[in-house]
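Read off the chains here:
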Amino acid sequence: MAMAPETPNARRPRDRAPAPRTAGAGDTVRDLALRWDTAVGALLVAVFVVGLGSTDGFASGENLAFAFNDIVEVALIALPMTLLVVAGQVDLSVASMLGLGSALTGALWNAGWAFELIVPVVLLTGVAGGLLNGWLVTRVGLPSLAVTIGTLALYRGLASVVLGSDAVTDFPRVYADWAVDTSTVPGTFLTYPVVLFLVLAAATAVLLHSTAFGRSLFAIGAQEEAAYFAGIRVKRFKLILFVVTGLLSAFAGIVFTLRYGSARADNGIGFEMLVIASVLLGGVDFDGGKGTLFGAVAGVLLIGVLKNLLTLNDVPNEVQVIVTGLLLVASVLTPRVVAAVVERRHRREAGALPTGLAGRTGSES
Amino acid sequence: MNEPVPETGPRPAPVLALKDVSKSFGAVRALRDVSLQLFPGEAHALAGENGAGKSTLIKTLAGVHRPDSGEVLVDGEPVVFHGPADARDAGIAVIYQEPTLFPDLSIAENIFMGRQPRRSLGRIDRRAVRETTAALMKRLGVELDPDRSARGLSIADQQIVEIAKALSFEARVLIMDEPTAALTGSETARLFSVVRTLRAEGAAVLFISHRLEEIFELCRRVTILRDGRWISSRPLAGLTEDDLVRAMVGRDLGELYPKQGTDVGETALSVRRLTREGVFRDVCFDVRRGEIVALAGLVGAGRSEVAQAVFGVDRADAGEVLVNGRALPGGSPTAAMAAGLALVPEDRRQRGLVMDMSIERNIALTGLGRLGRCGLVRRALERGRAADWAVRLQLKYNRLADPVGVLSGGNQQKVVLAKWLATEPVVLIVDEPTRGIDVGTKAEVHRLLSSLAAEGLAVLMISSDLPEVLGMADRVLVMHEGRLTAEIPRSEATEESVMTAATGRDTKAAA
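These protein sequence lines map, in sequence, to chains E and B. The first sequence: position 118 = 716 (the numbering used here), numbered continuously. The second sequence: position 166 = 425 (the numbering used here), numbered continuously.
Among the hints, a few may not be true.
[To be verified] Partner residues are not named here, just some residues of chain B that face chain E (Cβ under 8 Å, in silico):
(1) V613
(2) M614
(3) T625
[As the list claims (entries may be wrong)] Okay, the calculated bits of chain B under chain E, using three or more residues with CB under 8 Å as the criterion:
(4) 593-599
(5) 633-647
No lab work stands behind these hints, which were simulated from the structure alone. Just so it is clear, CB atoms sit at the ideal spot from N, CA and C, and this is done for glycine as well.
The whole structure should be built from the sequences, with the hints applied where relevant.
The structure is reproduced here in structure tokens:
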């Protein structure tokens, strides 16, 4: 989460406590309550409950199926994006890769390819795009922000080359049915793409929080050099992340195409911001090294549920965009305000005068 | 407990004093009833282990902290500093170990940042800025071009700029917090001559250093803190380093360099004609099991670079590295670790540790693959491993889940050591293992290295601390300008023989 730059207080000689102390239950509960990702999770539940009580039709199976399916591409891409941001990287080309995947699906379908053959080709394209991003970042040594701003334009341009300004809409029902919100897993409101997302989310959570790979990503994001000196294969891990992100973005392009029954080069324009916004809303630190997958998923779902509720209540789209924006600003601001308040309270308890100086003294000499 | 001992003859009032100052942070009492008097024209040492309260004391004097009780007196008058600006206006300047200059501004611009002399219409009088700076440099007896940009200045030069800045404020008290930790011998000598000049002009200097010999060289009186308490203030004359250490740690350390005699086993690490163009060339040496080999030399001689090439974080252009007789592929720390190499890097903050990560996760970082099955990390194993090492290295901490950044320097270094010892290495390379850590921990690190060697570990120790090199090493390798210039057995290693080789006056190549 938002950590202030190192202040003198961060170096308080706390290590001089006489004996090692294990974390008490009280500490754990308080730590958990102070964590942003749990706060976002709680907010999601709260919004959900408010929706149940206030809005007719919100709780219906059809609506929930629609609400979650409506954000599934963003959610899918948010998974590898969380890993990237934790590792201190970012990929802005995801929405363009989604568009390229969609355009390629349409173009190949027009050319008479079998859908079973189109899918692997599109996925391979995603892998290739990810490899290019990863290669430029890890081998050429460019910052990921700059690289993917470039490939954002490049992949979107390729999408237009592949399909022009056409729209391909004649996909057979048998494939489209897999993605649309009217067909759900029997007995639930979960669509097939959403189920796939949930499975992948669980797998990604394990990968990030319980494996050596995930642990390494946190180290890379927090202090890349120290990670490298600890024998972690920094470049290889980053390359893998970019490839997986490209793969899932292209896959999201197929889902998007089938869901709307329309392959267009401009599908999903601007989604990269929605993806990154969701991840940051979930408390993943843009500077890398901090965050949870739970938080990122809660962030995506919060945006999805909120959007759905606002739509059901006839709030115009412009206002929805404003609400989303305010939420993001709040998500960046709140942890810092909370940290400042906690800090001030500590200082007062310590008998220090809250002059607000301590935060700045580190840079004064 | 002695009272501050006045020197014979009349002396002026203290320019700056602390009287019975206490300061707590939460439950931690950083200072308890500490008193200190600084007289004009004296260099006064502040000594104590890490965590003794030195930093808090300095920050109190600098106006960063306000005491909970007690008084700060300037020229005998009680004052309250509301911030660093107040302390600066009272003529107190602090030079930190790593100065923070604006890299893209010139030296002169840095010195006059925020208070540039103006001409009409508010234009900055660049000429006055430059000329005043030049005059300050002359007064300090240092040749630094005022127009040079601060980027790329050595830490020593940056400190000089900070001192010049202090002078431009008419500072009467100069507080120097471990200024020499990152300086070479000649840079330290220059800094000391600058300090002597200021002292002669009547400034009071409060000097902090972990290098006791520097305290004796520069200062006349010393104030010792221990666990936040004032222990004594007394003249240095007549004291020995051992006296000082005993007062600082409050017990006998035993020998500072507890080198055990060991049986030297077979060769563990062989470096053959290792070359990195423009950095080092044709470096050959062996380290055997049970042996501590020191790599000495001046800063910039290429010692750390050799270590990094051996470990594979840098690529060598030629030559090979063998561990237990097997050649390592170049440029792969992962392969080096698998072969049994471990490197404790010099730069703890950037390379040794992930500062925001917890103690236990830092220790786990080198052995993630072995803390569970199928790539999964079992937290119980992770915590257990950290707890074991914490006990073994007598780590002082609050919770293992705390970020490692809250620990003191000495304890951070213990975490780095734990992280690497947990890999059960065959060869341990330590780069400046005791830089910037307190004497107590220093002795513990030395004891640890010594007992590890006795257990059959091969240790390659890079150190700029000559007493450490002479005290710990079975053999001393010396580098000068990228070449190995001497190999000196323990029996023949003296300050003189090592320094002679390090400065390149001896060209006898090692075998």
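Practice item. Mind checking the CB of T625 of chain B against every CB in chain E and telling me if the closest is under 8 Å? Key: holds, 5 Å
Check your understanding: Does M614 of chain B meet its interface restraint, that is, does its C-beta lie within less than 8 Å of any C-beta in chain E?
Key -> With Cβ-Cβ at 7 Å, under 8 Å, it holds.
Review point. With a Cβ-Cβ cutoff of 8 Å, does the region 633-647 of chain B contain at least three residues near chain E?
Key: Contact hint for the region 633-647 of chain B vs chain E: holds, 4 residues under 8 Å.
Check your understanding: Has the region 593-599 of chain B got at least three residues whose CB is nearer than 8 Å to a CB belonging to chain E?
Key -> holds (count 3)
Practice item. Report holds or violated for the interface hint on V613 of chain B, using the least CB-CB distance to chain E and a cut-off of 8 Å. Key: holds, 4 Å
No hint from the list above goes unmet by this structure.
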